[in-house]
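Note that the protein sequences, when read in sequence, are chains A and B.
Numbering follows our numbering, in which position 413 of the first sequence is assigned residue number 413; successive positions increment by one, without gaps.
Numbering follows our numbering, in which position 239 of the second sequence is assigned residue number 737; successive positions increment by one, without gaps.
Calculated from the structure, these hints are not laboratory results.
For glycine and all other residues, C-beta sits at the position ideal for the given N, C-alpha and C.
You may find that some hints are simply not true.
Said to hold, decoys possible - Chain B side only, calculated, beta carbon under 7 angstroms to chain A, not exhaustive: (1) Ala515; (2) Thr690; (3) Gly710; (4) Arg714.
As the list claims (entries may be wrong) - For the chain B half of the interface with chain A, some residues (derived, Cβ under 7 angstroms), not all of them: (5) Ala510; (6) Gly521; (7) Tyr689; (8) Met691; (9) Ala702; (10) Lys707; (11) Arg708; (12) Val709; (13) Gly768; (14) Arg800; (15) Gly804.
Single-letter residue listing:
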Amino acid sequence: MSEYLLELRNIVKRFGGLVALDNVSLALKPGEIHCLAGENGSGKSTIIKIMSGVYTPTEGEILIDGKPLGNFTPAQSVQQGIQVIYQDFSLFGNLTVAENLALNTLLLEGRKTVDWSRVRELATKALARLGVTMDLDAEVESLPTSGKQIVAIARAMMADARLIIMDEPTTALTRPEVDALFRIVRDIQSQGIAVLFVSHKMREMLEISERLTVFRNGRKVAEGPIGEFNEAAITRAMTGHDLTDQTYTWEKRGDEPPRLKIDKLSIPGVLQDIDLSLQPGEIVGLSGLIGSGRTELALALFGMNPSFTGKVEIDGKPVHPRSVQEAVAAGLAYVPEDRLSEGLFLTQSIERNMLATSFDKFVRGLFIDRKRADAATSGMFDAMQIAAPGPHTPVNHLSGGNAQRVVLARWLLTGARLLILNGPTVGVDVGSKAQIHRKIRELASQDGLAVLMISDDVPELVQNCNRVIVMHRGAFVGEVAGDQLSEDELNDRLKALK
Amino acid sequence: MTIFRRSEFIIAVILIAAMILIGLINPAFWSLDNLFGLLRSNVIIGIMALGVLVVMISGGIDVSFTAFAAAAMYLTVKIMVYYGYEGVALPFLAATVIGLVLGAMNAFFIHTFRMIPLIVTLGTGSVVRGLLLGLVGTSIVNIDKMPPQLIAFGKTNLMNSVSATGTNFGLTAMILVYAGLALVTHLFLRYTMIGRSIFAYGGAPEAAKRVGFDTRKTLLFVYCFAGALAGFAGLLQSAMIWQANPRDFGGLELDVIAAVVLGGASIFGGRGSVVGTLLGVFMLVMVKNSLIIMKVDTTWQRVVVGLIIIIATALTAWRDRKKIV
């Protein structure tokens, strides 16, 4: 019996001329929590697909329990107890929790008919194994992300899993949900099942993992027990260079009117008497638990919920945006949480996506002034350092970080004076994240853009904001600014909310 | 499952309200004569709707089944007439198989080329209808030529009665055929793995593949089932109206789809039930029937059916969206 449950030896994977994995080895012990880190395009997803049998490696060996397996297929991978939980969970939203949990087993047993009492029995057992209770008859679609994840994990466990691979499991979770997930993961581990986290969230990796492997550009660049790493070391391994992280400072200059002034903004049952004043060049963070009213405030300002009461002024002029168009005209820009579903036209080019909200500005008579539009978009393309062959590349060819830059560029082209960012770097890797942050800070300090940044990422807020407001149940309940602003301070404030 | 139940409950309440309203406007609505007539009109649309329901649960749509029904019916009757065949079971089997084979063609295109079901079925429907008229013929097989056994079968009644005006009327036994098929479809959707695979595929096709469903089999089954039911319903229609017209069922696809949507099936796939569909079919037939009783012009009936589709789709879409938010 080998010491390792799964061992990949000298794996090479080529796609045509492109080398996705270059002589990579990785070994997982039974019952360990291992983390695989790397930026987008580092080969993380390729190796997951090799472990799950979807891809056949060009060269190299796959060993399970020390025995080499020649032709490793998806069915074999499942048979050996390897389960992958993808980011989208692969669940059926239209079916109940019970059925989602039981389907795999029924299929595996080659059933032709469905015994519903057995479905419930299997589901109850699966949830009991994780020590959670859940309404078995609830449709999965109605569950929050964390609930869907629990269903996905429970389902994976049912297939006699020995290794569960989780792809970016914490991306859409709030902090308490992440804690709950980690409890479950430790519980799984105590049952002798190994867990491989694939993630780029360093803080969380350090918290949960026992061993860490870092990939960069298809190569393994670091490996070892977690004790040998700290955040800086992981970042260096992932990106190949150090990232500076200074905080953002802002000083009032001159006697400008506030860029945004909100006076007693309320929406019954959602927001209560919000007062806020934002100066040009300020980056103000908005923190709080999910459902605290942060997004609702942003949507109200952006004309998507005109039913609010209270006064809003931009550069001293009163506004009450009744539609997105009015908000844009008033100088507002909003980058939504889910940039992929809300913000971008995925099959269209970078250039067209950038122009989507500002075509008006490039119109002469009936036609678009192509020359001016091209100049503007290629200028933005360069300024944003988007990694793509050119501005005509479709957006769905871009990585998360680059796609987010396209959204930013679009709003900057409208000549926005107030930028509202909602989770600006959710799902973006460390390197891109740092670049996006740098760009936002630059825009604020040099161009005097005012930024309202909604985020669950405490380090992100601390690093980029000159002050952070804590929101709870539709009201502002605190503010941290200047020297007081630290991760510990902000975490304490957030923990105090109940 | 509570949501399914709730949709069906709402449909049932609307149906009863509509019945009371129609009864108030026209008391003759509640006469046994009229009710039996209504049930009779449910049979063909209903059987076809069961097929369309299954297609819609899988996330697809089928507009070719009316052409398949016409082809299965006309071919079978023509061959029966030609050979002077006397019998009922074999012709129904033949019509069902013709529909099934044509349905397999839909599944082939949809699965192999990953084509959009609407486009595929528009195409196959048009081709089949065209070939039928061009190669087989356009003449109507009338009552004098129709196989008498078929007519006798179609005439079978469960009970007979005499109306106030002195005419004979009865409850057609074909309603039992319809009920039987509905029951089979329900049991099948709920209690077989392939039935559940249709829901799974309609909800998340990619995930269905990942869990290990044979989605090719699922699709093949879905479109064959719709085709087979259409073929069967086609021949049954000719038995019930004592003639076989190759141009029959033109435009009926809209009524059937309207009935299924009215019955709460989601146009996005993954949701729908047999009970809902039965109610939807009854509602649609009743509304159309009432329009006739109220002497509303047939052209206006098209308007009503169109509006029903739009409103019912809007309601189910709204229902499904609300759940996601």
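Checked hints:
1. Ala515: violated (28 angstroms)
2. Thr690: Check passed: Cβ of threonine 690 (chain B) comes within 5 angstroms of chain A, closer than 7 angstroms.
3. Gly710: holds (5 angstroms)
4. Arg714: Not OK, violated: arginine 714 (chain B) not within 7 angstroms of chain A, min 15 angstroms.
5. Ala510: violated (21 angstroms)
6. Gly521: At about 37 angstroms, which exceeds the 7 angstroms cut-off, the nearest Cβ of chain A leaves the hint on glycine 521 (chain B) violated.
7. Tyr689: At 5 angstroms from the nearest chain A Cβ, tyrosine 689 (chain B) passes the 7 angstroms test, so the hint holds.
8. Met691: holds (6 angstroms)
9. Ala702: holds (5 angstroms)
10. Lys707: violated (9 angstroms)
11. Arg708: Status holds, d = 5 angstroms.
12. Val709: holds (6 angstroms)
13. Gly768: Since the shortest Cβ distance to chain A is 3 angstroms, the answer is holds.
14. Arg800: Given a least distance of 32 angstroms, the restraint on arginine 800 (chain B) is violated.
15. Gly804: Given a least distance of 27 angstroms, the restraint on glycine 804 (chain B) is violated.
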